[in-house]
Amino acid sequence: MVVRMKSRKRWCLLLLIVLCAVPLCGSGWFLPAKVVLDTDAKKVYMDIPAQKLIEAYDSDENSAGKTYSGGCYAVWGKIDEIKKNTIFLTFDGNKSRTRVSCSAPSRAVAESFSGLKSGDRVKVFGKVTKGIWNKNLNIGIDKVLEIKDPDAEAGEGSYSMTEGNYTFRKSDLYRKNLSDKSVTYYIPRSWTGKDVEYRIEGNLGTIDGYQYRLDGISKKNPYAESFFVCCVNIEEFFAKNDRGDMKLIEEAVIRDILGDVKIYPARTVNTYYGAKYKYYQDGFTQSTGDRYQTEFVFQEIDEKRILMFLYVYNTRSKNNTNLNDVMSVMYFAEAK
Amino acid sequence: MKKDRRWIPILICCFLLLSGFGMKKSVQIQGNSNIPLINLEEAIRPASWGKDGNKENEASDEESAPKEEEKDASSGSKEQDTTEKKQTFLIEVAGKKITLNGIEVKNVKELKDALIENYKKGDTVKIFDQYAESETYKQVLEMLPEVAEDPKGDFDQKWW
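Quick note, the sequences are listed as chains A and B, same order.
Here the first sequence stands for residues 0 to 335, numbered as in numbering that gives the first Met the number 0.
Here the second sequence stands for residues 0 to 159, numbered as in numbering that gives the first Met the number 0.
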């Protein structure tokens with residue numbers, strides 16, 4: 000009798016496990032694929048001369064700490080000293096003891112600047128933190144690049160990205176508005192040509208937004224590559240009773256664009272610049288048979304609006320050379 | 000209830016909870032279900048295929064802004080560029096329709112906003128009116144001096 004009861008409990012437990020696993024499997028309980036629009040891997044760094052950091056720190060330590068700590072910067076300076084895995088940056092004519100201390104978080108990063116020496120001009124990409132026990136401002140290094148052009152300087156309002164040592168100024172970007180100017184974003188000038196920029200509403204769909212055909216910039220890429228910037232007006236597209244759940248709204252938007260597809264769980268990312276994104280990835284097969292990857296990025300502005308970025312690229316495309324520009328568009332987008 | 004049957008309601012409750020019984024699983028977009036938010040089939044065509052069916056962006060033989068010597072996939076520069084890039088704005092008026100650099104704008108106000116935000120001193124504006132001296136064209140001409148008063152600088156008008 001006792002043996003029979005124990006056996007029944009075991010079967011019940013097994014059945015419970017199976018019943019729990021079924022809905023989990025059905026909901027797609029898998030890790031999503033690696034994202035392409037990875038804000039951590041492709042950061043936008045604000046350019047700043049080491050002199051400005053040092054002088055701000057010497058003038059008012061606390062204020063400098065509040066202003067710069069936590070920000071991602073490309074610090075332009077001269078190497079004063081390299082000790083093991085740390086570069087100390089200074090500038091010509093620096094009379095104070097303060098230097099910017101840049102630490103490599105790994106051996107690989109440290110080895111990447113092993114060829115540099117005192118006196119070299121460099122751009123150090125990383126996150127700024129304020130030191131507690133010493134007179135130094137600290138940077139956790141993401142990358143170090145040598146500045147070869149002796150005339151190059153960190154200009155006001157300029158930004159850099161590590162890939163390709165890419166530099167641009169925000170003032171050179173073209174400002175665009177959505178949703179009655181409540182959403183603003185900035186695009187490179189090369190995106191403003193008639194071969195590249197297309198209004199969606201009234202032409203390619205019903206949503207307020209623009210398509211950017213990135214393969215139309217140089218026309219060297221034989222495969223289509225597009226980036227969409229749109230604002231989902233929730234009150235316009237969803238009935239009152241359907242407005243409460245953002246996840247369901249986002250899934251409805253995806254299904255409306257891609258058709259009846261299986262949607263995998265979103266990955267939520269809190270970016271280093273304060274935006275919170277939800278990523279969804281899927282595929283789209285064109286009537287020609289070409290297969291495209293689609294990456295939806297939703298930024299919930301408020302209960303009435305969702306900012307949507309959509310990146311579409313052909314699976315046969317070897318490299319996506321426009322990603323620096325795409326990431327900068329996401330970085331500067333803002334909503335009132 | 001016998002001890003070994005107490006498991007049954009627990010199992011049923013767990014299953015219902017995990018399968019989201021009673022919870023809304025999806026919502027629908029209201030409005031015209033025949034037109035999607037984005038028609039991807041139409042939108043995704045390689046630029047190398049040539050002109051697409053999108054009439055609003057039909058190519059014109061005239062040069063459109065911004066002029067660039069070479070359009071590169073990366074619009075930034077490898078080294079710091081200290082000179083500001085000049086650009087050309089092309090405004091085309093055809094009846095009530097207005098386009099700025101090939102993109103249709105809803106009205107003269109939207110055109111004005113776009114110019115105020117992006118025009119800089121030294122840029123060029125070209126205006127083309129398909130039907131000479133149309134009402135919309137006159138409104139655009141009346142608007143342009145207001146853009147010139149924007150703190151960004153003087154306004155340089157050139158038109159055919």
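These aren't lab readings, by the way, just hints derived from the structure by calculation.
Treat the hints with caution; some may be incorrect.
[Said to hold, decoys possible] Simulated pairs of lysine to aspartate or glutamate, EDC-like, Cα-Cα distance not exceeding 16 Å:
1. B:24 to A:259
2. A:77 to A:54
3. A:77 to A:150
4. A:193 to B:134
5. B:108 to A:179
6. B:24 to A:333
7. A:116 to A:80
8. B:119 to A:119
9. A:82 to A:54
[What the hints assert, rightly or not] Distance ranges between label pairs, derived from CB positions:
10. A:152 to B:106: 35 to 45 Å
11. B:30 to A:261: 17 to 27 Å
12. A:259 to B:13: 41 to 51 Å
13. B:127 to A:264: 46 to 56 Å
[As the list claims (entries may be wrong)] A few chain A residues facing chain B, derived, Cβ under 8 Å:
14. 108
15. 237
16. 248
17. 285
All C-beta atoms in this analysis are idealised placements derived from N, C-alpha and C, irrespective of residue type, glycine included.
Do the hints match the structure? See the list:
no.	hint	verdict
1	B:24 to A:259	14 Å, holds
2	A:77 to A:54	15 Å, holds
3	A:77 to A:150	14 Å, holds
4	A:193 to B:134	25 Å, violated
5	B:108 to A:179	12 Å, holds
6	B:24 to A:333	31 Å, violated
7	A:116 to A:80	7 Å, holds
8	B:119 to A:119	37 Å, violated
9	A:82 to A:54	23 Å, violated
10	A:152 to B:106: 35 to 45 Å	43 Å, holds
11	B:30 to A:261: 17 to 27 Å	25 Å, holds
12	A:259 to B:13: 41 to 51 Å	29 Å, violated
13	B:127 to A:264: 46 to 56 Å	51 Å, holds
14	108	22 Å, violated
15	237	6 Å, holds
16	248	6 Å, holds
17	285	6 Å, holds
Hint check: violations occur at hints 4, 6, 8, 9, 12, 14; the rest are consistent with the structure.
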